[in-house]
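Engineer: Chain residues, written in single-letter form:
4 protein chains.
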Amino acid sequence: MSSVNLNRAKLLISCKDQPGIVAATSDFLLKYRANIVQSDQYTTDPKGGMFFMRIEFDLEEFETTYKLIESEFNSIASKFEMYWRLSDPNKRKRMAIFVSKDDHCLMELLWRYKAGELTVDISMIISNHKDLQSLVESYGIPFYWIPVTSSTKKDDEQKILSILKDNIDFIVLARYMQILSPQFVAVYPDRIINIHHSFLPAFIGANPYKRAFERGVKLIGATAHYVTNDLDEGPIIEQEVLRVNHRYSTEQLKVAGRHAERIALARAVSWHIDDKILVYKNKTIVF
Amino acid sequence: MSSVNLNRAKLLISCKDQPGIVAATSDFLLKYRANIVQSDQYTTDPKGGMFFMRIEFDLEEFETTYKLIESEFNSIASKFEMYWRLSDPNKRKRMAIFVSKDDHCLMELLWRYKAGELTVDISMIISNHKDLQSLVESYGIPFYWIPVTSSTKKDDEQKILSILKDNIDFIVLARYMQILSPQFVAVYPDRIINIHHSFLPAFIGANPYKRAFERGVKLIGATAHYVTNDLDEGPIIEQEVLRVNHRYSTEQLKVAGRHAERIALARAVSWHIDDKILVYKNKTIVF
Amino acid sequence: MSSVNLNRAKLLISCKDQPGIVAATSDFLLKYRANIVQSDQYTTDPKGGMFFMRIEFDLEEFETTYKLIESEFNSIASKFEMYWRLSDPNKRKRMAIFVSKDDHCLMELLWRYKAGELTVDISMIISNHKDLQSLVESYGIPFYWIPVTSSTKKDDEQKILSILKDNIDFIVLARYMQILSPQFVAVYPDRIINIHHSFLPAFIGANPYKRAFERGVKLIGATAHYVTNDLDEGPIIEQEVLRVNHRYSTEQLKVAGRHAERIALARAVSWHIDDKILVYKNKTIVF
Amino acid sequence: MSSVNLNRAKLLISCKDQPGIVAATSDFLLKYRANIVQSDQYTTDPKGGMFFMRIEFDLEEFETTYKLIESEFNSIASKFEMYWRLSDPNKRKRMAIFVSKDDHCLMELLWRYKAGELTVDISMIISNHKDLQSLVESYGIPFYWIPVTSSTKKDDEQKILSILKDNIDFIVLARYMQILSPQFVAVYPDRIINIHHSFLPAFIGANPYKRAFERGVKLIGATAHYVTNDLDEGPIIEQEVLRVNHRYSTEQLKVAGRHAERIALARAVSWHIDDKILVYKNKTIVF
Chain R
1 MSSVNLNRAK LLISCKDQPG IVAATSDFLL KYRANIVQSD QYTTDPKGGM
51 FFMRIEFDLE EFETTYKLIE SEFNSIASKF EMYWRLSDPN KRKRMAIFVS
101 KDDHCLMELL WRYKAGELTV DISMIISNHK DLQSLVESYG IPFYWIPVTS
151 STKKDDEQKI LSILKDNIDF IVLARYMQIL SPQFVAVYPD RIINIHHSFL
201 PAFIGANPYK RAFERGVKLI GATAHYVTND LDEGPIIEQE VLRVNHRYST
251 EQLKVAGRHA ERIALARAVS WHIDDKILVY KNKTIVF
Chain U
288 MSSVNLNRAK LLISCKDQPG IVAATSDFLL KYRANIVQSD QYTTDPKGGM
338 FFMRIEFDLE EFETTYKLIE SEFNSIASKF EMYWRLSDPN KRKRMAIFVS
388 KDDHCLMELL WRYKAGELTV DISMIISNHK DLQSLVESYG IPFYWIPVTS
438 STKKDDEQKI LSILKDNIDF IVLARYMQIL SPQFVAVYPD RIINIHHSFL
488 PAFIGANPYK RAFERGVKLI GATAHYVTND LDEGPIIEQE VLRVNHRYST
538 EQLKVAGRHA ERIALARAVS WHIDDKILVY KNKTIVF
Chain Y
575 MSSVNLNRAK LLISCKDQPG IVAATSDFLL KYRANIVQSD QYTTDPKGGM
625 FFMRIEFDLE EFETTYKLIE SEFNSIASKF EMYWRLSDPN KRKRMAIFVS
675 KDDHCLMELL WRYKAGELTV DISMIISNHK DLQSLVESYG IPFYWIPVTS
725 STKKDDEQKI LSILKDNIDF IVLARYMQIL SPQFVAVYPD RIINIHHSFL
775 PAFIGANPYK RAFERGVKLI GATAHYVTND LDEGPIIEQE VLRVNHRYST
825 EQLKVAGRHA ERIALARAVS WHIDDKILVY KNKTIVF
Chain A
862 MSSVNLNRAK LLISCKDQPG IVAATSDFLL KYRANIVQSD QYTTDPKGGM
912 FFMRIEFDLE EFETTYKLIE SEFNSIASKF EMYWRLSDPN KRKRMAIFVS
962 KDDHCLMELL WRYKAGELTV DISMIISNHK DLQSLVESYG IPFYWIPVTS
1012 STKKDDEQKI LSILKDNIDF IVLARYMQIL SPQFVAVYPD RIINIHHSFL
1062 PAFIGANPYK RAFERGVKLI GATAHYVTND LDEGPIIEQE VLRVNHRYST
1112 EQLKVAGRHA ERIALARAVS WHIDDKILVY KNKTIVF
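Here the protein sequences come in this chain order: R, U, Y and A.
So that you can map any letter, position 266 of the first sequence is 266 in my numbering, and since no number is skipped, the others follow by simple counting.
Heads up, my numbering is the position in the second sequence plus 287, with the first residue counted as 1.
Heads up, my numbering is the position in the third sequence plus 574, with the first residue counted as 1.
Heads up, my numbering is the position in the fourth sequence plus 861, with the first residue counted as 1.
Hints are computed from structural coordinates only; laboratory data are not their basis.
Ideal Cβ positions, reconstructed from N, Cα and C, are used throughout, including at glycine.
It is possible that part of the hints are untrue.
What the hints assert, rightly or not - Result set (DSS-like, lysine-lysine): computed pairs, CA atoms no more than 30 angstroms apart in a straight line:
| hint | chain 1 | residue 1 | chain 2 | residue 2 |
| --- | --- | --- | --- | --- |
| 1 | A | Lys975 | U | Lys388 |
| 2 | U | Lys401 | A | Lys991 |
| 3 | A | Lys877 | Y | Lys784 |
| 4 | U | Lys541 | A | Lys1137 |
| 5 | U | Lys334 | R | Lys210 |
| 6 | A | Lys1071 | U | Lys563 |
| 7 | U | Lys541 | A | Lys952 |
| 8 | Y | Lys784 | A | Lys1144 |
| 9 | A | Lys1137 | R | Lys16 |
| 10 | Y | Lys621 | U | Lys318 |
| 11 | Y | Lys850 | R | Lys254 |
| 12 | Y | Lys584 | U | Lys318 |
| 13 | R | Lys281 | A | Lys1137 |
Stated by the list, open to error - Output of the computed footprint for chain A on chain Y, the stretches with three or more beta carbons under 8 angstroms from beta carbons of chain A:
| hint | segment |
| --- | --- |
| 14 | 763-774 |
| 15 | 789-798 |
| 16 | 813-825 |
| 17 | 853-861 |
Next comes chain R alone, as it looks inside the complex (with noise of 0.2 angstroms):
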């Protein structure tokens, strides 16, 4: 809700397991007088696997105090070999969502973002097309249009690239009908969520709503993920299905393959605010 907690962080880790590591992050974190209030820990092998935790914890002093666990925190973290990162609530996140002419997953995120549902900075949205531009800046928030044709991608991401420099922290592609080439793709590693339609069982490829239709499914579905290089194969972050019927006729489906997206990727972009995830290889850990 709006009502964030000013002098509470969350600490996430992951590291290969081994003894010590919880015992270690939790003298120290008592060390600084930090009082947790929820903590998630989860191994893969208890043998060898991997170790992932998240913690939430109050500060008193805050300021002063966070810093000194941010720069005190990587003797821990390097005797453990952690990747880990640190959140403070007086940064919120900036989130860039991208978006092309359908404006279901954009309104979704628009109108939870305006009901305090999502403690994030919207920077900017940026679209190949100019359609949504007026909804967009009816909401104060800046839209650019950098449409991008085959011959001119190379120029046209770098021209996104350098508008999003700095700007932002994560992006996320709300029906972006364009696929972003790798050297984009790793200026923001497990930074870009995006979502797409997905069935039981698969129609991959052309058309898939109307071969669904052929085939009488019963489930419709959309499917969260961070975008790695392999297409629409990145980790999953969350999913939904909605019943549907023979009646539905292919733009029916469509339209329930909408609402399921809209809930599946608003829910993904929240956890991705209020730090839920950890990915280990082609997985999240949703906390």
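Guided by the hints, dock chains U, Y and A onto chain R, whose structure is given.
Structural biologist: For chains U, Y and A alone, kept in the frame of chain R given last:
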């Protein structure tokens, strides 16, 4: 429920859509003083599409009237070139269940049968293993052990067909781990129901649960379908999904898959028993 | 979707069950060369129960034939003492939305409307607060601010009725925090749709979310229903639930409740628009 | 699954929240070379709230170390005034199931037990009817028939208590149609699990399914909870709903209710067995 209304027949129809089908059919039924208690009708496309109808109706003096309807409806049917079938509540469908070693789908069907939820006769259970024999026999149902090997498959299927012959109306593959030959399938068109796991995205091939685990799926599903010659590609009857998370081991994903299979298969079987399903091309109409 | 078939009418019927209704109706429609593309029929009890039917049919030379059907169907209707209504695709229903300060249900309806998912005209939005005025007006929809106080309620409702008069077909209470008087409700029988939270078990009275939190519920729901004089006790149209857990604060339960409300209300409204609902006693038949 | 890790213990803790709990506990466990493989922690309110923690850890030289931990943890526990319990994988919990005549919940538990999904011992099944005796005994589980009448209830419960005595750890009421006395409930605090139907809205009192039918509910649910002296008002463990529609008869709503009950109860029981539940006031924390 157990309280089957023995005066209630069901008529299922499909044919090319054209004006007058509903009127002709309802006039016909009225002539025999049938009281229509439920009916559903669907057209894929009013211009040149297919028409599907399912009618439940009650008859007075059931036996005489039912026979008349059965013999006289051809006059209507031939006019519209209908596929049609009539279902007599006094003749329970006879079901054969094929299993291998996993008992979860079998058990679900046996319970619902015993609880009076499935108004069907279970004529026999056929297995390529002996594991479930005593369980089945404790229910008083004949059990046939027909081991199937690749070299003798043709003969084995012949053996099965000779046991089934005239004794059953449809077959449920309740985790039967043998692929039926096209010759076998052709004997029971749209009358063999299978269940298989399903994932979004699809994990085709070996070890699907292991790959679902590695990909960190958030939903595990199952699809019940009619068997055609395209393995697991027949018309879908029902689908079910259950939520899972990163804490589920591959083994626990399999457990979730089993629960989804039980639910989806049992629903599909009950709809088949209640004559709720019409098949058209590779799709079901479930009324 | 947006592509409404302007030759497709809908006929809804309810009456005491008796032989011949379907035949008489389909004969009648055949006479006007109506092509029935979908129909559903349900009887509460074949002996002395109520009969409900909904038929979608296409007409050639729509305008002329529709008028004929409209004027001539009374001959059938009076014979069977039917309640019936006919729906003209060329006349969109006119909807008024009542809101207070919460915008989540309103926004959901406005999007679906704008996305072409609701084939309806939104005639006006009425609120007892000014908060949502500029939002509504950005959609080009008339907004009326009618503050309601307990002492002036009678007059306030008269004012509202005079604005609605002849301009609308039904009302959606999209989180309108005023109780309508029996006199008001009587003007729009089965034509006022409301949404309210719902819980298992029920938490009747004040602070339901706080009590749901204290009880540790695992599901949060919403119920869309027609308004009758029994507060929140009218015929249920649709219900939706979302999973929650102990980590949800009271505030977060409310957020989940809002999401459930959006989904349940939007579905109920779309079914009302598509003439899918018949009401009988305190119950809906949703075809 | 069946493959229980016999070196894995679980520690559950609750106490007033205060700094240092996690550090003290993890230091303690490290001293015994426990390898924490999963942990969850939750605080109702960091200022004066309650703290809950569940830790799974692996031990080398299990037997010796486990005993040491068991005897030494009191030093930590008393410092923080903890409620705590330790769970030994080598000691399966012993479950008693109470039933009356309905077998659906019992069957679900027996099947999951047999499938290795519930790592528990079923010590006995107690019933006030003889109906399910042969079914139970076919599983090789002792069955006790203890008829209960209102006049002899006190004695009947004494009889039951004397059979249970020292032989069981918790009780599952799998559709046991007798109300347990406060004296009985007091013997097994937070260790009696019950299942009951649940509806939105609530239909309190007689014939709930009939009233749900008359109201035309669209969802049918079940709630599993711990038994307290307030009938059906104890801490909720799990809830499940299934979709229904106007075509469901009262009888068919009951069938849907049974399916919801099976699912909700089986999940609740498996979580209790796996020590995933902590109770605080009238609420569960399910980790």
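Engineer: Going back to the hint list, which numbers does this structure go against?
Structural biologist: Nothing - there is no hint that the structure violates, so all of them hold.
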